[in-house]
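S.K.: For the protein sequence lines, the chains are A and B, in the order given.
Going by our numbering, the first residue of the first sequence is number 1, and it counts up by one from there.
Going by our numbering, the first residue of the second sequence is number 1, and it counts up by one from there.
If you're looking for bench data, these hints aren't it; they were derived computationally from the structure.
Hints may contain errors.
[To be verified] Each computed DSBU-like pair below joins lysine-lysine, with the alpha-carbon atoms no more than 35 Å apart:
id : chain 1 : residue 1 : chain 2 : residue 2
1  : A       : Lys44     : A       : Lys58
2  : B       : Lys368    : B       : Lys306
3  : B       : Lys111    : B       : Lys367
4  : A       : Lys63     : A       : Lys44
5  : A       : Lys134    : A       : Lys58
6  : A       : Lys44     : A       : Lys134
7  : B       : Lys111    : A       : Lys63
8  : A       : Lys44     : B       : Lys204
9  : B       : Lys111    : B       : Lys199
10 : B       : Lys204    : A       : Lys63
11 : B       : Lys39     : B       : Lys199
12 : B       : Lys111    : A       : Lys44
13 : B       : Lys111    : A       : Lys134
14 : B       : Lys111    : A       : Lys58
15 : A       : Lys134    : B       : Lys204
16 : B       : Lys111    : B       : Lys39
17 : B       : Lys199    : A       : Lys134
18 : B       : Lys306    : B       : Lys367
19 : B       : Lys111    : B       : Lys204
20 : B       : Lys111    : B       : Lys306
21 : A       : Lys44     : B       : Lys199
22 : B       : Lys39     : B       : Lys204
23 : A       : Lys134    : A       : Lys63
24 : B       : Lys368    : B       : Lys111
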Amino acid sequence: MGLMHLDVPEASGGYSHYGVLARFRTAKALYRACEAVRDAGYSKWDALTPFPVHGLEKAMGLKPSRLPFLVLATGLTGAGLGFGLQSWVHIMAYPLVISGKPLFTWPAFVPVTFELGVLGAALGAVLGMFALNKLPTYHHPLFRSENFARVTDDGLFIAIESWDPKYDDQATADFLSGLGAVEVERVPIEDPRDDEGAA
Amino acid sequence: MAQSQDNTHEPAAGRAPLIVGGYDFRSLTEAVAVPVERKTPIGWWCFFLPSVALLGLFGVSIGWLFWEGTGIWGLNNPVSWGFAIVNFVFWVGIGHAGTLISAILFLFRQKWRTSINRAAEAMTIFAVMCAMVFPGIHVGRVWVAYWMFPLPNQMDMWPNFRSPLIWDVFAVSIYGTVSLMFWYVGLIPDLATIRDRAKTRIRKLAYGAFALGWRGSHRNWLHYERAYLMLAGLATPLVLSVHSVVSMDFATAQLPGWHTTIFPPYFVAGAIFSGFAMVMTLMLICRVLFRMENIITMRHLENMAKIMLLTGCMVGYAYAIEMFIAWYSGNPYEQFAFANRALGPYAWAYWIMVSCNVITPQLFWFKKMRNHIGWLFISSILINIGMWFERFVIVASSLHRDFLPASWDYYQATFWDFASLIGSFGLFFTMFCLFARFLPMVATAEVKTVLPEADPHQGEELVRVVPAGSDPDALAQAAPAGGGGA
Chain A
1 MGLMHLDVPE ASGGYSHYGV LARFRTAKAL YRACEAVRDA GYSKWDALTP FPVHGLEKAM
61 GLKPSRLPFL VLATGLTGAG LGFGLQSWVH IMAYPLVISG KPLFTWPAFV PVTFELGVLG
121 AALGAVLGMF ALNKLPTYHH PLFRSENFAR VTDDGLFIAI ESWDPKYDDQ ATADFLSGLG
181 AVEVERVPIE DPRDDEGAA
Chain B
1 MAQSQDNTHE PAAGRAPLIV GGYDFRSLTE AVAVPVERKT PIGWWCFFLP SVALLGLFGV
61 SIGWLFWEGT GIWGLNNPVS WGFAIVNFVF WVGIGHAGTL ISAILFLFRQ KWRTSINRAA
121 EAMTIFAVMC AMVFPGIHVG RVWVAYWMFP LPNQMDMWPN FRSPLIWDVF AVSIYGTVSL
181 MFWYVGLIPD LATIRDRAKT RIRKLAYGAF ALGWRGSHRN WLHYERAYLM LAGLATPLVL
241 SVHSVVSMDF ATAQLPGWHT TIFPPYFVAG AIFSGFAMVM TLMLICRVLF RMENIITMRH
301 LENMAKIMLL TGCMVGYAYA IEMFIAWYSG NPYEQFAFAN RALGPYAWAY WIMVSCNVIT
361 PQLFWFKKMR NHIGWLFISS ILINIGMWFE RFVIVASSLH RDFLPASWDY YQATFWDFAS
421 LIGSFGLFFT MFCLFARFLP MVATAEVKTV LPEADPHQGE ELVRVVPAGS DPDALAQAAP
481 AGGGGA
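Here chain B stands alone, though its shape is the one from the complex:
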């Protein structure tokens, strides 16, 4: 039985199994498929309707922006990048945990990822969608946003490929595309499950169309698994490159506070940190709402807490080393920028960032806190707030003190700044609600492979090699006229 056996192939005895509750193949299919098939629960509407309302706010704030221009935001002369870039970097970062779970943990054979990778990948796609809105709308003249792409035009004009901003266009849009393909490939077998269970013609056609006629052939699984492995191998360097490129938007500028070589790894660590916090928030809600406590177990939550502790420490180290290098550089502008960051007009934002990102995860050193649902939820929210403030601090506090004191100013966000930030959460949660309602939340085919009975050598000693066709009772009367000669 699943709950009594350690099915992780890990030598450490006494580790919790990946799935508890004694699932077999059929009950697992049932557990994942029923939330897609049953009548829409009231709880879902309670999340969906407010999300749609926020999405409406997003639409209104974008519409007003297009009508009126970027003047509706709190931008001013030194602070010419505001919430739009902060939100962009925040959302791209959120996406990174999904790829980390789906690709990097896959390459490291971390089988515990199978319970959460589907939802985490979905989160990636929706976060990248939110992120992509902001560079599109912040350009001011949105009707020329197509200049970002290398499209032949009547002006014979081409983008400057030496600029990190154009690298960003490629990195983020390709990241979105590859994440979508990775997610869809993973979904195909599970869409086939929903297709085969469908009772109505519309469901059969809708799920059937996207299932592509998948029939579980092992000749297909062979190519499928190879494709999945290679997508994981491709997504891994891709995800590291994406936030590195995002960080170069800042790092290649000469502005003190931005012009640092630590930015790429620091941004990647922060991205994974915030993304895991978001996965944690979503999983804590979903596992209760969809009764999946046995599939998304305490072991999953604890592992995520450990990764949050690790990446939180990396982020804390980056904050410290930035300060150290500013002092050690002997450059007065650098020194001023960082002293001003911690003690200047934006000190409040800096200390929110430090307390949320560095202090909050330290409680995860204690096993008790890693297993405390309430604290996991609160800390995941705090970390997301902190990581949003990290980007705010980088953008606003570096910009607001120009080289020329006469240009100094203070960036004060307006109602419309906040409307687009909150509205982007509406887009994200609307998409996530739709996903949770209509698609299998857990990669069923993949979770089945970690059940003990999925192992074709179950119960055999690992060292014993079974010669082909040696099973005596299987071959006893098995040799018919046409098929005997082995």
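Pulled out of the complex, with its shape left as it was, chain A reads as follows:
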């Protein structure tokens, strides 16, 4: 199992472990800790929560999602294909004059154009979100932490990855404890049972 999906930079000696995982008790503590991690200059890190903590992207210094542009593009594509299909059918493929009306009756094409535009945009939103989030990602080193199962229950976590340039094994763990983490642990990168495949 490779680590390609984790965007791990090449390192000569490989990495001994994935990084440090710290659990915080409240959303407020997590928010403050994220601000501190951001200000400390870390870049390869993440906050992991059971629900979206509102405004956390500001505390983490993340840019807004690029998804809307993709949705606009797929929506317009859907609408364009829909309008094109109907025009082609009625002008070229199967021209039928009904009640002496013109073949290019564009107002009658509006509902289907609209529906297909919505379909295109919705597919863009869902599949684009999957692509940007790299879903599905069934294997992730964080799942090796037993504690981490709480992330879908009540656990509010920060994970700093070991390939972050600022990362230091001991100092980073101490830093997170100092921010009020209730548990700090090192997460292995590979399951000890898999021998091949480490970066």
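We have chain A; now place chain B onto it with these hints.
M.R.: Chain B in isolation, oriented as in the chain A frame:
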């Protein structure tokens, strides 16, 4: 604590909190996940088995229809559209409340929706499934039902895109698809919850596969929430377009009683009205069966009753304005169609419709009645009956008096008409029972965001701006060698 604090950010003091019972994150997860994980309760079988039996009836009635043809229904020459279309419009309408709750109330930041949106969206999908059966089976020659879709074929034949019937094919199937995607996206974090709590390998694999490896990363939540917002924004005009298009199946015909411009908004209001009644019926049963009275609270039920009152009045207004316009038009055919509707052979159906849809919700003007569980249940059933009759009245009473009196006839439903109507409820309730048994009924991740402790600025005054990293005890000894320089 949750029960003592108004967590709605609404200025009106004294409003009930969204969730009562003092839940924290963990107990909320527990409350929603346990019904999925525990042994199947007897009560569930009591609902599931009769539903499956009705589903069987649905199968038999469809099989007999395919074998024998549409002659088994009570259709006759002027009334060539019967129960199949009535049921179709009824079920599509039921679905609309789910989208209203999940999308429109989301856009309006109505946070109370979080407790009921999952079940309402599920209801939408199952209702659309029921609806889609009917246009498929009513065509008579089902083996050519694929002609409804623009598929290249050896006859070089294409559908007529100028017909509202083909708009309907696109509107309803895309509505079903988008609703399914919206629902699934909402489910992903909760499926991950069930995955992480799973004890057996089969559960881990089954829920894990659909959870897509979700791990709650905020980098993911960022795109996720944006996708959810955009799906809500897309579903809102979509849902309004769907029932508008459905109404155009009628409104573009020249038949008196159908040929009215009020149909699109009137159908949309009626759809939301009936859908909320169905959500009410289902929620009243589920909250008792799954002990979720503290998550689906009286406040939710009262809000739904208010929406039913509003949409019920809109529907009543539409009935009145139809009558007025028929008189005001001076068109004798219009006038006859509407006088005949209220006083003719189908007057019984018309007055069932009016009493269920217009009179029943008026009791919701009184707070006492909005909080009366028994009345909420009875009225939700009555409204659904009334809304089914609304479609029946539109279809049957408009058709049965043709322009030529020699063609007049009366549509009498047969056993098989009723079998397919009742059977479609079997499909709906079977799906809903399976949903309630195997999937989290409440959008847990979303409900957690309305708990006070989910607010990262809890306890801070709203105007105070906290500069980054200013927490003294957090940063006191926090600056290690590599990570200090802010």
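S.K.: Could you run down the list of hints and mark each one as holding or not?
M.R.: Taking the hints in turn, this is what the structure says about them:
1. A:Lys44 with A:Lys58: holds (16 Å)
2. B:Lys368 with B:Lys306: holds (12 Å)
3. B:Lys111 with B:Lys367: Given that 35 Å is the threshold and the Cα spacing comes to 21 Å, the pair holds.
4. A:Lys63 with A:Lys44: Given that 35 Å is the threshold and the Cα spacing comes to 14 Å, the pair holds.
5. A:Lys134 with A:Lys58: Between Lys134 of chain A and Lys58 of chain A the Cα gap is close to 22 Å, so the pair holds against 35 Å.
6. A:Lys44 with A:Lys134: holds (16 Å)
7. B:Lys111 with A:Lys63: Holds: Lys111 of chain B and Lys63 of chain A sit about 26 Å apart, inside 35 Å.
8. A:Lys44 with B:Lys204: holds (29 Å)
9. B:Lys111 with B:Lys199: Status holds; Cα separation ~33 Å.
10. B:Lys204 with A:Lys63: Answer holds: Lys204 of chain B to Lys63 of chain A is near 34 Å, not above 35 Å.
11. B:Lys39 with B:Lys199: This hinted pair holds, its Cα atoms lying about 13 Å apart.
12. B:Lys111 with A:Lys44: holds (34 Å)
13. B:Lys111 with A:Lys134: holds (29 Å)
14. B:Lys111 with A:Lys58: At roughly 22 Å apart (the allowed maximum being 35 Å), Lys58 of chain A and Lys111 of chain B satisfy the hint.
15. A:Lys134 with B:Lys204: OK: Lys134 of chain A and Lys204 of chain B at ~20 Å, within 35 Å.
16. B:Lys111 with B:Lys39: holds (32 Å)
17. B:Lys199 with A:Lys134: Satisfied, since the Cα-Cα distance of roughly 27 Å is no more than 35 Å.
18. B:Lys306 with B:Lys367: Given pair Lys306 of chain B, Lys367 of chain B holds - Cα atoms ~10 Å apart, limit 35 Å.
19. B:Lys111 with B:Lys204: Judged against 35 Å, a Cα distance of about 31 Å means the pair holds.
20. B:Lys111 with B:Lys306: holds (16 Å)
21. A:Lys44 with B:Lys199: holds (33 Å)
22. B:Lys39 with B:Lys204: holds (17 Å)
23. A:Lys134 with A:Lys63: holds (17 Å)
24. B:Lys368 with B:Lys111: At roughly 24 Å apart (the allowed maximum being 35 Å), Lys111 of chain B and Lys368 of chain B satisfy the hint.
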